[in-house]
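S.K.: Those protein sequences? They're chains W and P, same order as listed.
Residue numbering for the first sequence follows our numbering, beginning at 1 and increasing consecutively.
Residue numbering for the second sequence follows our numbering, beginning at 1001 and increasing consecutively.
No lab work stands behind these hints: they were computed from the structure.
Keep in mind that the hints are not guaranteed to be accurate.
Stated by the list, open to error - Below, computed lysine to any residue pairings styled on SDA-like, alpha-carbon distance capped at 25 angstroms: (1) W:K397 to P:G1081; (2) W:K234 to P:K1175; (3) W:K399 to P:Q1092; (4) W:K167 to W:N257; (5) W:K77 to P:R1047; (6) W:K376 to P:T1076; (7) W:K77 to P:V1053; (8) W:K166 to P:L1164; (9) W:K177 to P:G1166; (10) W:K376 to P:D1087; (11) W:K329 to W:V32; (12) W:K397 to P:A1182; (13) W:K214 to P:K1089; (14) W:K77 to P:E1055; (15) W:K376 to P:V1067; (16) W:K174 to P:L1158; (17) W:K376 to P:Q1086; (18) P:K1089 to W:R413; (19) W:K126 to P:S1060; (20) W:K376 to P:Q1054; (21) W:K397 to P:K1095; (22) W:K376 to P:G1081; (23) W:K399 to P:V1080; (24) P:K1089 to W:D65; (25) W:K376 to P:Y1066; (26) W:K399 to P:P1088; (27) W:K397 to P:L1164; (28) W:K310 to P:S1060.
Stated by the list, open to error - Over the 10 angstroms line for every Cβ pair with chain W, so calculated as not near, a few chain P residues: (29) G1160; (30) L1234; (31) L1243; (32) D1250.
Unchecked claim - Covered, in the sense of this in silico footprint (three residues per stretch, anywhere, with C-beta under 8 angstroms from a C-beta of chain W), are these stretches of chain P: (33) 1057–1069; (34) 1149–1156; (35) 1161–1173; (36) 1268–1278; (37) 1292–1298.
The model shown is predicted, which means the values in this text are computed figures rather than measured ones.
Ideal placement from N, C-alpha and C gives every residue a C-beta, glycine not left out.
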Amino acid sequence: MKKAIALFTLTAAIASGSHAGAVTLTIACGAVGQELELCKAGAARWAAKTGNEVKVFESPNLTNDRLALYQQQLAAKSSDIDVYQLDVVWPGLLAQHFIDLKGKVPAAEVNTHFKGIIDANTVDGKLVAMPWFTDAGLLYYRTDLLKKYGYAAAPKTWAELATMAKKIQDGEQKANKTFAGFVWQGKNYEGLTCDAMEWLVSFGGGTIVDSTGKITINNPNAAKALDTAASWVKTISPAGVTTYGEEEARGIFQSGNAAFMRNWPYAWSLGQSADSKVKGKIGVAPLPSGGARNAATLGGWQLGVSSYSKNQAAAIELVRYLAGPAEQKIRAIEGSYNPTITTLYKDADVLKANPFFGSLFSVFTSAVARPSGPTKSKYNQVSQAFSSAVSDVLSGKSKGQAAVAQLATNLARIKGAGW
Amino acid sequence: MTTQAPTEPRKVVKTRGIEAARARQALWLLLPTLIAIALVAGYPLWRTIFFSVQEANLTSPEQARYVGFQNFWFTTEDGVGIGFLQDPKWWQAVKNTMLFTVVSVFLETVFGMIIALVVNGTFKGRAFLRTAMLVPWAIPTVVSAQMWAYMYNDSFGLIGQGLLGGQALLADPDKAIWALIAVDVWKTTSFMALLILAGLQSLPSDMYEAADMDGASKWTQFWRMTLPLLRPALLVALVFRSLDALRVFDIMYVMLGPVNAASTSMTGYARLTLIDNSLLGVGSAVAVAIFLIIMVIVVIYVTAFRVKFD
Chain W
1 MKKAIALFTL
11 TAAIASGSHA
21 GAVTLTIACG
31 AVGQELELCK
41 AGAARWAAKT
51 GNEVKVFESP
61 NLTNDRLALY
71 QQQLAAKSSD
81 IDVYQLDVVW
91 PGLLAQHFID
101 LKGKVPAAEV
111 NTHFKGIIDA
121 NTVDGKLVAM
131 PWFTDAGLLY
141 YRTDLLKKYG
151 YAAAPKTWAE
161 LATMAKKIQD
171 GEQKANKTFA
181 GFVWQGKNYE
191 GLTCDAMEWL
201 VSFGGGTIVD
211 STGKITINNP
221 NAAKALDTAA
231 SWVKTISPAG
241 VTTYGEEEAR
251 GIFQSGNAAF
261 MRNWPYAWSL
271 GQSADSKVKG
281 KIGVAPLPSG
291 GARNAATLGG
301 WQLGVSSYSK
311 NQAAAIELVR
321 YLAGPAEQKI
331 RAIEGSYNPT
341 ITTLYKDADV
351 LKANPFFGSL
361 FSVFTSAVAR
371 PSGPTKSKYN
381 QVSQAFSSAV
391 SDVLSGKSKG
401 QAAVAQLATN
411 LARIKGAGW
Chain P
1001 MTTQAPTEPR
1011 KVVKTRGIEA
1021 ARARQALWLL
1031 LPTLIAIALV
1041 AGYPLWRTIF
1051 FSVQEANLTS
1061 PEQARYVGFQ
1071 NFWFTTEDGV
1081 GIGFLQDPKW
1091 WQAVKNTMLF
1101 TVVSVFLETV
1111 FGMIIALVVN
1121 GTFKGRAFLR
1131 TAMLVPWAIP
1141 TVVSAQMWAY
1151 MYNDSFGLIG
1161 QGLLGGQALL
1171 ADPDKAIWAL
1181 IAVDVWKTTS
1191 FMALLILAGL
1201 QSLPSDMYEA
1211 ADMDGASKWT
1221 QFWRMTLPLL
1231 RPALLVALVF
1241 RSLDALRVFD
1251 IMYVMLGPVN
1261 AASTSMTGYA
1271 RLTLIDNSLL
1281 GVGSAVAVAI
1291 FLIIMVIVVI
1301 YVTAFRVKFD
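Start from the sequences, fold in the hints, and give me the full structure.
M.R.: Dropping the structure here:
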């Protein structure tokens, strides 16, 4: 019986493979951390299984750069790339260029993913892309250093974090003068918007623009959140933190030169790799609270099929495979990319590789979305205005109160007649 | 000449025929080039000007709508200015680009002149030096900008950590402009030196021998002979470098990232508007403005200094 089933699946696989005809697809993957290797490996597995060929197009590290490249490709209706890796804030922006996966991917398969992420990928009833991995901001810390300086647990509030980071930094700098207390993403780009959203929400300062499209940024809690972050620069964070993206921060933390780091889950498995100086010394906790709550910004990437693809059927199959449970499990174990399929959070192998997935499950499910929904195609401008305002506060050019007031005016200008 | 005078009428007719034929032939020979220019330069320029008065989105350019000069200047009923000329960030970009151009071109000219005068002399290893000085110019700007960004890094950079002890030069855009100027000067001085060297080589050496005989000091020779004779070559070099500096993009983009580059260079602002924000209309308007600014500066240059390009 088993043999028969195996034989049947094999013939079915061969039949479906030959049915589609051997085609060559191109997928655009990111290259942050291990993204590229895992993408190549996953694509190769599908290719071997189906007899098709998959080329991997390497896109830029910074998400802003990636979007710019995609927009040019898509505006030109180029068929060069069949499958695009999309940021969670892009579906509203790019929906028109992607085929509707609703109906093409069985509903039962779609429903295995987090509902919130499926909603984020649905624009006017159209399923723009399939979730591939989700992301939420996390606080990484050095367990050995916390112990050394007499701390039992990760900080619960930003104030606590500042105190601990200062003490550890002062102590460590005696031997290592480049040691930093806390590193994060302070460069003026989308990553800063993510970090600063976490400060805002944790202080009860709202989400820049609320779900109805009203500009809510001009409030005292938001101002306080930004001033608090500015107080870290040059005290517990290096002056250059305002030039760091994800990889710069990880580089410093992973080489043993920082006590705390804010980053995405992908940094976990790299930090535990053989060449990491902090292997076995990393702890992961929810980001501290500013008084209102603990907050993590929702990130994550999806896979969409371009409307201009010449091999849409095969491309959909590739997306289904990559976003499917088997592939998400491999990626979770090898690269600590958070699955979007709920059941994988109870998988023993996944939890063994990423112990924090289980304990921080609520962080991933309650992550705060950036206002890309209400601001629609103007989201990018909103995000830039926001990150620029934050950047001014961080560099000491303005104070929180003045910055949020000015930002509200700028946002009104961007909103114009409406979002 | 005079002997030909009587037969002139008949000859003129004949020459006109030949000239006309030659002109026709030249036109045919030039035609492919003219078509190529129209396609690769004329059409994009026309499209940019066309889109500058349209409200259009990059992701769906076919849905453009005519709005006149609203992309440049428009105040909504609520008193909100949405034209790019009403955006302080644009003016900051203009200011920074002008500062960048004036300072970097000035420094490149001075240093380029010094280097050119040195390598113009006869000494051992001159050929090697002339080649070596072109190395910074030969490295692609994107590569050298990234290289300098690493050197400026405050935690592991040669300059940021080594020389300045952990200062982050690029963190504050107001200070970063000076760090960017340094990169441009490092990179382009050698090109300037090469242009000036070419000018120096065309100066007759016997003139200097005569000056030496007359007892003119090297200093006087430089100010009274070299500099005035070098003027045409120097001005052409200045125009080229100024235009280059006005449309600088890669240094800012690589070293500061897309958002901060937009308040540091005009082209960075254009890219952010057009690409990142997908505002095809406003972005084109910005591009047209940059085109006009550069054109005005060229006209001023050429008329004020009476530059001759031939």
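S.K.: It remains to establish, for every hint, whether it holds in the given structure.
M.R.: Do the hints match the structure? See the list:
1. Among the hinted pairs, K397 of chain W with G1081 of chain P is consistent with the structure: their alpha-carbon atoms are about 24 angstroms apart, no more than 25 angstroms.
2. Taking the CA atoms of K234 of chain W and K1175 of chain P, the gap is about 17 angstroms. The hint holds against a cut of 25 angstroms.
3. Under the criterion of a C-alpha separation no larger than 25 angstroms, the hint pairing K399 of chain W with Q1092 of chain P is consistent with the structure, at around 20 angstroms.
4. With a CA separation close to 14 angstroms, the supplied pair K167 of chain W and N257 of chain W stays within the 25 angstroms bound.
5. Pair hint K77 of chain W plus R1047 of chain P holds up; C-alpha atoms about 18 angstroms apart against a cutoff of 25 angstroms.
6. At most 25 angstroms may separate the alpha-carbon atoms for a hinted pair to count; K376 of chain W and T1076 of chain P meet this at roughly 20 angstroms.
7. For the hint pairing K77 of chain W with V1053 of chain P, the CA-to-CA distance comes to about 24 angstroms; that is within 25 angstroms, so the pair holds.
8. For the proposed pair K166 of chain W and L1164 of chain P, the alpha carbon gap of about 22 angstroms is at most 25 angstroms, so the pair holds.
9. Only pairs whose Cα atoms come within 25 angstroms are accepted, and K177 of chain W paired with G1166 of chain P is accepted, the gap being roughly 9 angstroms.
10. For the given pair, K376 of chain W sits about 22 angstroms from D1087 of chain P by alpha-carbon distance, which is consistent with the 25 angstroms threshold.
11. The straight-line distance between the Cα atoms of K329 of chain W and V32 of chain W is roughly 19 angstroms, inside the 25 angstroms bound, and the hint therefore holds.
12. Between K397 of chain W and A1182 of chain P the alpha-carbon distance is near 23 angstroms, which keeps this suggested pair within the 25 angstroms criterion.
13. Between the alpha carbons of K214 of chain W and K1089 of chain P the distance comes to roughly 24 angstroms, so the proposed pair stays at or under 25 angstroms and holds.
14. For the hint linking K77 of chain W to E1055 of chain P, the alpha-carbon distance of about 20 angstroms falls within 25 angstroms, and the restraint holds.
15. Pair hint K376 of chain W plus V1067 of chain P holds up; C-alpha atoms about 22 angstroms apart against a cutoff of 25 angstroms.
16. Taken as a hint, the K174 of chain W and L1158 of chain P pair is honoured in the structure, with Cα atoms around 21 angstroms apart against an allowance of 25 angstroms.
17. Of the pairs offered as hints, the one joining K376 of chain W and Q1086 of chain P holds, with about 23 angstroms between alpha carbons and a cut-off of 25 angstroms not exceeded.
18. As the CA atoms of K1089 of chain P and R413 of chain W are separated by approximately 13 angstroms, the hinted pair is consistent with the 25 angstroms bound.
19. Proximity of K126 of chain W to S1060 of chain P is assessed by CA-CA distance (about 18 angstroms); at most 25 angstroms being required, the pair is judged to hold.
20. Our distance criterion of 25 angstroms between C-alpha atoms is met by K376 of chain W and Q1054 of chain P, whose separation comes to about 21 angstroms.
21. About 18 angstroms separates the Cα atoms of K397 of chain W and K1095 of chain P, which keeps this hinted pair within 25 angstroms; it holds.
22. Restraint check for K376 of chain W and G1081 of chain P: the C-alpha separation of about 21 angstroms stays at or below 25 angstroms, so the hint holds.
23. A C-alpha spacing of about 24 angstroms is found between K399 of chain W and V1080 of chain P, which places the hinted pair at or below 25 angstroms, so the restraint holds.
24. Distance check on the hinted pair: K1089 of chain P and D65 of chain W sit about 20 angstroms apart at the alpha-carbon level, within 25 angstroms; holds.
25. Of the pairs offered as hints, the one joining K376 of chain W and Y1066 of chain P holds, with about 23 angstroms between alpha carbons and a cut-off of 25 angstroms not exceeded.
26. With a C-alpha separation of about 19 angstroms, the suggested pair K399 of chain W and P1088 of chain P falls inside the 25 angstroms cut-off, and the hint holds.
27. The straight-line distance between the Cα atoms of K397 of chain W and L1164 of chain P is roughly 22 angstroms, inside the 25 angstroms bound, and the hint therefore holds.
28. For the proposed pair K310 of chain W and S1060 of chain P, the alpha carbon gap of about 20 angstroms is at most 25 angstroms, so the pair holds.
29. Against chain W, the non-interface label of G1160 of chain P is violated: not every CB pair exceeds 10 angstroms, the least being about 7 angstroms.
30. A cut-off of 10 angstroms between C-beta atoms confirms that L1234 of chain P is not in contact with chain W; the least separation is 37 angstroms.
31. Even its closest Cβ contact with chain W, about 25 angstroms, leaves L1243 of chain P beyond 10 angstroms, as expected for a residue assigned away from the interface.
32. The Cβ of D1250 of chain P lies farther than 10 angstroms from every Cβ of chain W, with a closest approach of about 13 angstroms, so its non-interface assignment holds.
33. With a cut-off of 8 angstroms between beta carbons, the region 1057–1069 of chain P has 5 residues touching chain W; three or more are needed, and the interface restraint holds.
34. Chain W is given as covering the region 1149–1156 of chain P, and this holds because 4 residues of the stretch bring a CB closer than 8 angstroms to a CB of that chain, at least three being needed.
35. Counting residues of the region 1161–1173 of chain P whose C-beta sits closer than 8 angstroms to any C-beta of chain W gives 8, which meets the bar of three, so the coverage hint holds.
36. Evaluation of the coverage hint for the region 1268–1278 of chain P: fulfilled, as 6 residues show C-beta separations to chain W shorter than 8 angstroms, against a requirement of three.
37. Coverage of the region 1292–1298 of chain P by chain W is violated [criterion: at least 3 residues with CB-CB distance below 8 angstroms; count 0].
In terms of the numbered hints stated before, the structure departs from hints 29 and 37, listed from lowest to highest.
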